[in-house]
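Given chain A, put chain B in place with the hints provided.
Protein chains in written order, with the working numbering: chain A, 107 to 190; chain B, 175 to 368.
Just so you know, these hints were derived from the structure itself, not from any lab.
Just so it is clear, CB atoms sit at the ideal spot from N, CA and C, and this is done for glycine as well.
You may find that some hints are simply not true.
[To be verified] PhoX-like mimics (lysine-lysine), calculated; alpha carbons at most 20 Å apart, straight line:
| id | chain 1 | residue 1 | chain 2 | residue 2 |
| --- | --- | --- | --- | --- |
| 1 | B | Lys331 | A | Lys180 |
| 2 | B | Lys274 | A | Lys111 |
| 3 | A | Lys188 | B | Lys221 |
| 4 | B | Lys274 | B | Lys243 |
| 5 | B | Lys243 | A | Lys180 |
| 6 | B | Lys331 | B | Lys243 |
| 7 | B | Lys221 | B | Lys243 |
| 8 | A | Lys141 | A | Lys111 |
| 9 | A | Lys141 | A | Lys129 |
| 10 | B | Lys274 | A | Lys129 |
| 11 | A | Lys115 | A | Lys129 |
| 12 | A | Lys115 | B | Lys274 |
| 13 | A | Lys141 | B | Lys274 |
| 14 | A | Lys129 | A | Lys111 |
| 15 | B | Lys221 | B | Lys331 |
| 16 | A | Lys141 | A | Lys115 |
[To be verified] Distance windows between CB atoms, simulated:
| id | chain 1 | residue 1 | chain 2 | residue 2 | range |
| --- | --- | --- | --- | --- | --- |
| 17 | A | Arg158 | B | Asp188 | 28 to 36 Å |
| 18 | B | Asp246 | A | Ile139 | 45 to 53 Å |
| 19 | B | Gly238 | A | Leu138 | 31 to 39 Å |
| 20 | B | Leu257 | A | Glu185 | 36 to 44 Å |
| 21 | A | Asp112 | B | Asp246 | 32 to 40 Å |
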Amino acid sequence: MLSCKDVTKLLSESMDRSLPLGKRIGVRLHLLICKFCARYERQLLLIRETARRLAATVEAPGGAFGDTLSEEAKARIREAMKTS
Amino acid sequence: MANPANLDTSVWVDRYGDYLFRYAMLRLRDRPAAEDMVQETFLAALKGRGTFSGDSSEATWLVGILKHKIADHFRRQAREAPLEEGDLGEHPDAGHMDGKGHWTTGPAEWGGNPADLYRQGEFLDRFRICLSELSPNHANAFTLREIEGLGTAEICKVLGVSETNLWVILHRARALLRRCLEARWFGTTAGKGS
Chain A
107 MLSCKDVTKL
117 LSESMDRSLP
127 LGKRIGVRLH
137 LLICKFCARY
147 ERQLLLIRET
157 ARRLAATVEA
167 PGGAFGDTLS
177 EEAKARIREA
187 MKTS
Chain B
175 MANPANLDTS
185 VWVDRYGDYL
195 FRYAMLRLRD
205 RPAAEDMVQE
215 TFLAALKGRG
225 TFSGDSSEAT
235 WLVGILKHKI
245 ADHFRRQARE
255 APLEEGDLGE
265 HPDAGHMDGK
275 GHWTTGPAEW
285 GGNPADLYRQ
295 GEFLDRFRIC
305 LSELSPNHAN
315 AFTLREIEGL
325 GTAEICKVLG
335 VSETNLWVIL
345 HRARALLRRC
355 LEARWFGTTA
365 GKGS
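Next comes chain A alone, as it looks inside the complex (with noise of 0.2 Å):
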């Protein structure tokens, strides 16, 4: 029987890899049994979607982050550029 310490291990695993068939059974039937590792696995699932969402938001003309260059670095980097 795999513990819950397995199982964490194994969740992120198989979201890295596809896990052997009798680990992966065991996975299945520990999840049917232990709420906390089924909330584990959907949160990790939340995470890997929250980071796609970032890269796309961070992506979209007029992102949502405000990260600029400063006038600083763009007056640097057209000087880079002007000398290269």
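Same frame as chain A, but now just chain B:
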């Protein structure tokens, strides 16, 4: 095919500077480093403008160059700061598990509808803060996997780690992020026992 001579490089900084900078900031979490990457990207693009085929937009072409610069930056960082004990160390949730590895204080119910969550700028900001508090090795691995969407084999090459170690690093990174979000965003109303 576009004539490379048509590229008006004098407007690059104004037109694409902020976009490239945002792209770099999300991945590097470091303003000076992100500024450097943008500058390097423009310089490389100037030098290589003969290779711009016009098949993609200028923006896409510039981002392609920036992606390589960012990977180089991660590669350099990985060489300068190899894996530390903590990167592969104890399970971040170990303090919430008993000797047999079962939850004593399990993950809290986060509630709410994820779709609503993503629309909240504050949640995304909090997520970025949590990401920036991870060790560089954890944060870089997570970024390459989940933000860049690279496969594990490619990430192993960039970071110079074995696949087994990468799985451990990603597991640590996700667990630490989960814990940070739970504490800082969702508040803690964790259930006891199971």
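Hint check:
no.: 1; hint: Lys331(B) to Lys180(A); result: 33 Å, violated
no.: 2; hint: Lys274(B) to Lys111(A); result: 8 Å, holds
no.: 3; hint: Lys188(A) to Lys221(B); result: 12 Å, holds
no.: 4; hint: Lys274(B) to Lys243(B); result: 45 Å, violated
no.: 5; hint: Lys243(B) to Lys180(A); result: 18 Å, holds
no.: 6; hint: Lys331(B) to Lys243(B); result: 15 Å, holds
no.: 7; hint: Lys221(B) to Lys243(B); result: 15 Å, holds
no.: 8; hint: Lys141(A) to Lys111(A); result: 14 Å, holds
no.: 9; hint: Lys141(A) to Lys129(A); result: 19 Å, holds
no.: 10; hint: Lys274(B) to Lys129(A); result: 18 Å, holds
no.: 11; hint: Lys115(A) to Lys129(A); result: 11 Å, holds
no.: 12; hint: Lys115(A) to Lys274(B); result: 15 Å, holds
no.: 13; hint: Lys141(A) to Lys274(B); result: 17 Å, holds
no.: 14; hint: Lys129(A) to Lys111(A); result: 14 Å, holds
no.: 15; hint: Lys221(B) to Lys331(B); result: 27 Å, violated
no.: 16; hint: Lys141(A) to Lys115(A); result: 16 Å, holds
no.: 17; hint: Arg158(A) to Asp188(B): 28 to 36 Å; result: 29 Å, holds
no.: 18; hint: Asp246(B) to Ile139(A): 45 to 53 Å; result: 47 Å, holds
no.: 19; hint: Gly238(B) to Leu138(A): 31 to 39 Å; result: 45 Å, violated
no.: 20; hint: Leu257(B) to Glu185(A): 36 to 44 Å; result: 39 Å, holds
no.: 21; hint: Asp112(A) to Asp246(B): 32 to 40 Å; result: 37 Å, holds
Of the hints listed earlier, those the structure fails to meet are numbers 1, 4, 15, 19, in rising order.
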